[in-house]
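Chain S is already provided as a structure; the job is to place chains F and H on it using the hints.
Protein chains in written order, with our numbering: chain S, 1 to 393; chain F, 1 to 309; chain H, 1 to 507.
Keep in mind that a hint or two might mislead.
[What the hints assert, rightly or not] Computed list of lysine-lysine pairs in DSS-like fashion (alpha-carbon distance at most 30 Å, straight line): (1) S/K370 with S/K308; (2) S/K86 with S/K351; (3) S/K43 with S/K308; (4) S/K386 with S/K75; (5) S/K308 with F/K64; (6) S/K86 with S/K337; (7) S/K88 with S/K75; (8) S/K271 with F/K181; (9) S/K263 with F/K181; (10) S/K85 with S/K351; (11) S/K351 with S/K263; (12) S/K367 with S/K88; (13) S/K309 with F/K181; (14) S/K271 with S/K386; (15) S/K180 with S/K43; (16) S/K85 with S/K309; (17) S/K386 with F/K142; (18) S/K370 with S/K351; (19) S/K263 with F/K64; (20) S/K138 with S/K337; (21) S/K386 with S/K370; (22) F/K64 with S/K271; (23) S/K386 with F/K64; (24) S/K263 with S/K75.
[Stated by the list, open to error] Selected chain F positions facing chain S (Cβ under 8 Å, derived; list incomplete): (25) G8; (26) N149; (27) F150; (28) T167; (29) T171; (30) S175; (31) T177; (32) V279.
[What the hints assert, rightly or not] Pairwise CB distance ranges, derived in the manner of DEER restraints: (33) H/L356 with S/N338: 41 to 47 Å; (34) H/E416 with S/T81: 41 to 47 Å; (35) S/N298 with F/A74: 47 to 53 Å; (36) H/V271 with F/R296: 24 to 30 Å.
If you are wondering where the hints come from, they were derived from the structure by calculation, not from laboratory data.
Predicted model, so just to flag it, every value in this text is computed and none were measured.
The beta-carbon is built from N, C-alpha and C at its ideal position, and this holds for glycine as well.
Each chain, written out:
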Amino acid sequence: MKKVVVAAGLAAAVAVLATAAWGSTRGASKVASATNADTALVKCGKTRTIGLLAPATGPAASIGINQVHWANFFKNTYNRTHKTKKIKIILEDTMLGSANGTAEAVKGAQALGSNASVLGVVGPAGSNEVKATTGALKGAGLGFVSGSATNASIATDGTRTGYFFRTVPTDDDQSKSVAKYMVGTLKVKRVYIIDDQEAYSTGLADSVQTLLTAQGVTVGRDGVSQQQSDFTAIINKIPRNTQLVYLPWQLPPKGQAFGQQMKSLGRAGTKLMGSDGLFDPAFSGLGNNVYDSFFPVNPQDARVAAFKKIHHGTELFGAPSYVAAQVVSGAIDRACKNGTASRAEVRAQIKKTNIPVTVSLLGLPVKFAKTGNLVQHPFGIYHSVKGVFVRVA
Amino acid sequence: MNWSLFFGELVSGLTLGSIYALIALGYTMVYGILKLLNFAHGDVYMVGAFIGFFVLQWLGGPLKPVVTGWLAVAIMFAVAMIGCGALGVGIERFAYRPLRNAPRIAPLISALGVSIFLQNSALLLWGPQFRNYDSFDLVGVKSYHIGSNFFISNIQILTISVSIALTIALTLVVSRTRTGKAMRATSFDRDAAEMMGISIDRVISFTFFLGSALAAAGGIMFGLVFGQIFSLMGFTAGLKGFTAAVVGGIGSIPGAVLGGFLIGLTEAFATGYLPGGSVYANLYVFALLIAMFLIRPSGLLGSPVIQKV
Amino acid sequence: MSSLGGGQPGEGGLPAAAPEPVDAADRSKVGVDEWVARVDERRAARKGLTGLVARGWKRLPAPGRLVVLLGPFAIFPFITNEGNLYRYGLITLIYALLAMGLNVVVGFAGLLDLGYVAFFGFGAYLYGIMASGHSGHHLQAEIAIPIVIVSTALLGLLLGLTSWRLLGDYLAIVTLFFLQAFVIFVNNANGGLNDFSYPFVGKVDLTGGANGLDQIDPFNLFGYHITTTKGYYFFTLISITLLMTMLYFVNGSRTGRAWRALREDPLAAEVMSMPVNRLKLLAFMFGAATAGFSGTIYGAVQSGAFPGDYDVGLLITIYAIVILGGLGSIGGVVIGALVVNGAPELLRSSANARFLFYGVLLLALFVAMRPWYKPVVVLLGTIAFGFAVHGIASQVWSRGTAGHIAGGGRLGRALEHWVLLPSHTSTIAGWAYFALIVSALVLTLVRGWWRALVLIPTLYLAAFVWENKLVEQVSGATRLILLGTLLVVIMNVRPAGIFGTSRVEIV
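Just chain S, with the same shape it has in the complex (with noise of 0.2 Å):
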């Protein structure tokens, strides 16, 4: 009998549930939660507020708090030369790397997508971070600016079209560049390619073996994992005869520890070649066998300059989230010429962008094709000539 109350009470509760989750989505259909924040004309008052999702916190935290610190710097001038209008930084912290994986970049698109004076985003940076982040910000109608997201699919695969835009060029830009230099200048025969297991480096590690092998070199593969310390294990295994090792990592330390222990196992002879993640001075204090690919900022820009004197560094990794803030704020100025602004005439003026060359901080001009990359996406190589990067390509 008792048995029999319980379940009756509990099948009671059950369908009152379901009745409420019935009725309340009953009458939001899929596009109109979407429609209502896309088209809602927010007033453009004297201060405008953008989104940044980055990893401030974290294993990333040191290339996201970089990519904090640039925005934070175009917000400053930007506040520093106009008088009448602001710009307003929204920070939402998404711990790239961490614990919780994406479901912190989650969190933070959500809580902006629902804060209705956001008009567009700077973010997120990891790749995996886009693909996650794109349902919630999509649903917001929020276009999103990525200046480090350089996994290639991520614009072609049609998921985010007019939503997705990236300030950098794409990894496939990179391993073209990169390929191009270690068959065309360097004329290596024998090379062996390292990647860290994370999406970024075996997207780059993938297609810069394809385009080796396609020209007749041959290319060892192996990885390691970004936790790894000891390389003397997989060193051992390079064959010898190897002329260059290939490192598309993100973290300049572990690129440092592999070249050591290249050099105290006797090795000093063979080429490193790294990716733009070890574009660092650990990096390149290695020695004169060292190269690697960036994107062509130019070191003497003023902004360069000003940005060292503030932040006592030159890293440059977090610039194109200066443009890419750039970007965002200059879309929703022109979006507010009349005084209103809605999220979707925001996207419509980031798809207009034109930087030119001559004004933006990255050394290309800043246009963005249909897919939401740069039309124009050449990346630079480097050369480390007494310790520091001398651009030769």
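Quick look at chains F and H alone, frame taken from chain S:
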């Protein structure tokens, strides 16, 4: 037959193995006495490596130390071993002793908590960046070779010999001294040992001191050989250390060393010879563990446990 | 035989033993028969508000308790916006669902499974393989979800088979390694250059490798698409309700009793002719199935499955939920999830975190020291001490008070006059942190008025360390430090968690 690869991986494996052996020794001693899996042990290893790093900084840094390179290394060892020994004793006193009579899961969870606490305190205080020991500038890494196929560096020789020396020292302590005898008695039957007048608390504290000191030595050696340390290095190292202890036979000191070298060699040779080697190296170690459980659950040198009712 | 359970856990019951006068014997709950015999009396006679609530709770019939526990969750979506609903509501519920499965494995059956989140990931990935743009298949949810549940249960069976011969600790290591293996596998199984080549089919892109399996379809239940946060929220809420009901019945059934016997003493259970190995496997499978199911929800919500999401960090979070809520307590898991997930979210803005930190400190003070005047004295003493130190420091050491608290509002500005805020904090904060740990540990060693005396500088140090160090990393390292400390403290003070039943051992 690629001798160069073979010898290269042999040396790498022995070096790695000697570090794992030191960690495994701590695990095996603690488990022998308390039947407790000390999750925090790997993080004590990490703290040891960092203490060594900061001592080095305090001595002037790897580029211009105030004492010669090798003396600096000796000081680093001494300070880290004592410091981590104290840390181990502290952990035991506050996180494990109150739970000595609690159900088995309680000290395990407590150990997990201590491990998280140590890892994240290190992350908070010292940041997630990698710190460099810079052994090149400190002691000058020289590579010796026999013939054209066998290469070994002076740091690797140091690592292997220090590890063996410490193991011999530990074995002497355990077999020849009174405290060692007390330790053996306690691990055999705790209640009987207590009734014979042995102070269990002191014996356990001493065990933790020794185990943690060894782990600290391992941490510094890791920094010297591989050049880099960071706050999360304790996790995988601890896991492999425990695997080594289990494979060698938990509760047996020579077993822990044997297990350590075995795991190190497996990792190195798997990396060198098997497809996708480095990526899947951990999985091969895992497979070794499973195989050991199936074939010989008490480990290579352990004695089968008979459960009395 | 060394232990006897002290009553049935997990009817969603509230804590059993009130803080008794503490001395060494009581502390480990080892006692003579008479003390044991009086346990129920003491429970019944609890005074004050907690006693009232406990008795009221016990008198509610089970469905009533369910409604009280989950009612607020049902109302939540109507009073908050989508961002908050996702953050505080949906994620909490998914974690609670996950933790409930773990509760069965660890709390009911006593098996330490450290590879649990691998099943969670497996569920997400398998659902993605069956219904995503990435894989090209688009099975409907009502077909895909049961397939996932059954497959994950089978995987749990396989892993459980390894526990056949293993003692608890070894099982922990094996399952932990399994988790590592899972993450490595999933990270590489993209048919790419690093992947295995399977017989018959060659290289197959199963999981998208490090890039993750993206474009996972939203649930398509009998033609009805769940696409909004609210939809998923209610789906998860209904699932939890059904699961809690199922567990309630299982708890009272033969299998539940057998599990509890297995947890208390496996050897005795075997001697009483319980099929111990089969019970272990059953527990494993049940936990795995629950995890797989939650995985499908998580994968659909995120519309993607990425390798980094299913690693040790999540494992620790779920364990913390189960431990906090009380091993074996069904309702406790929900409260645990609320605390472990909700609190760090509240902590995200440092202003909120500050309120929470000082609030919890005050609360702990008042709860731990019983006659009300004691904590008041300590508090006044600390405030006075603080002002004294601040005053001296501002005369003697100008750098010490140069910093300021950003964005703290009125509380922040008030604190600026009380706490030392050096302008360059890193080394000092490090030593202060160390000193705080030592001082807190010393606190556990002394008693009486000594304790009150040591408490004053400890509290001041705590505030100092908080303002200068912990606040910087509130949602990252600090949260985990607090979690780790919580685990250690709970195990020492109240091993049964908030809602578990404390177990009494007879020696």
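Each hint, compared with the structure:
no.: 1; hint: S/K370 with S/K308; verdict: violated (35 Å)
no.: 2; hint: S/K86 with S/K351; verdict: holds (22 Å)
no.: 3; hint: S/K43 with S/K308; verdict: violated (36 Å)
no.: 4; hint: S/K386 with S/K75; verdict: violated (35 Å)
no.: 5; hint: S/K308 with F/K64; verdict: holds (28 Å)
no.: 6; hint: S/K86 with S/K337; verdict: holds (14 Å)
no.: 7; hint: S/K88 with S/K75; verdict: holds (7 Å)
no.: 8; hint: S/K271 with F/K181; verdict: violated (56 Å)
no.: 9; hint: S/K263 with F/K181; verdict: violated (46 Å)
no.: 10; hint: S/K85 with S/K351; verdict: holds (22 Å)
no.: 11; hint: S/K351 with S/K263; verdict: violated (49 Å)
no.: 12; hint: S/K367 with S/K88; verdict: holds (24 Å)
no.: 13; hint: S/K309 with F/K181; verdict: violated (64 Å)
no.: 14; hint: S/K271 with S/K386; verdict: holds (15 Å)
no.: 15; hint: S/K180 with S/K43; verdict: violated (50 Å)
no.: 16; hint: S/K85 with S/K309; verdict: holds (26 Å)
no.: 17; hint: S/K386 with F/K142; verdict: holds (23 Å)
no.: 18; hint: S/K370 with S/K351; verdict: holds (8 Å)
no.: 19; hint: S/K263 with F/K64; verdict: holds (21 Å)
no.: 20; hint: S/K138 with S/K337; verdict: holds (24 Å)
no.: 21; hint: S/K386 with S/K370; verdict: violated (42 Å)
no.: 22; hint: F/K64 with S/K271; verdict: holds (29 Å)
no.: 23; hint: S/K386 with F/K64; verdict: holds (21 Å)
no.: 24; hint: S/K263 with S/K75; verdict: violated (44 Å)
no.: 25; hint: G8; verdict: holds (3 Å)
no.: 26; hint: N149; verdict: violated (10 Å)
no.: 27; hint: F150; verdict: violated (11 Å)
no.: 28; hint: T167; verdict: violated (21 Å)
no.: 29; hint: T171; verdict: violated (27 Å)
no.: 30; hint: S175; verdict: violated (33 Å)
no.: 31; hint: T177; verdict: violated (35 Å)
no.: 32; hint: V279; verdict: holds (4 Å)
no.: 33; hint: H/L356 with S/N338: 41 to 47 Å; verdict: holds (44 Å)
no.: 34; hint: H/E416 with S/T81: 41 to 47 Å; verdict: violated (32 Å)
no.: 35; hint: S/N298 with F/A74: 47 to 53 Å; verdict: holds (49 Å)
no.: 36; hint: H/V271 with F/R296: 24 to 30 Å; verdict: holds (27 Å)
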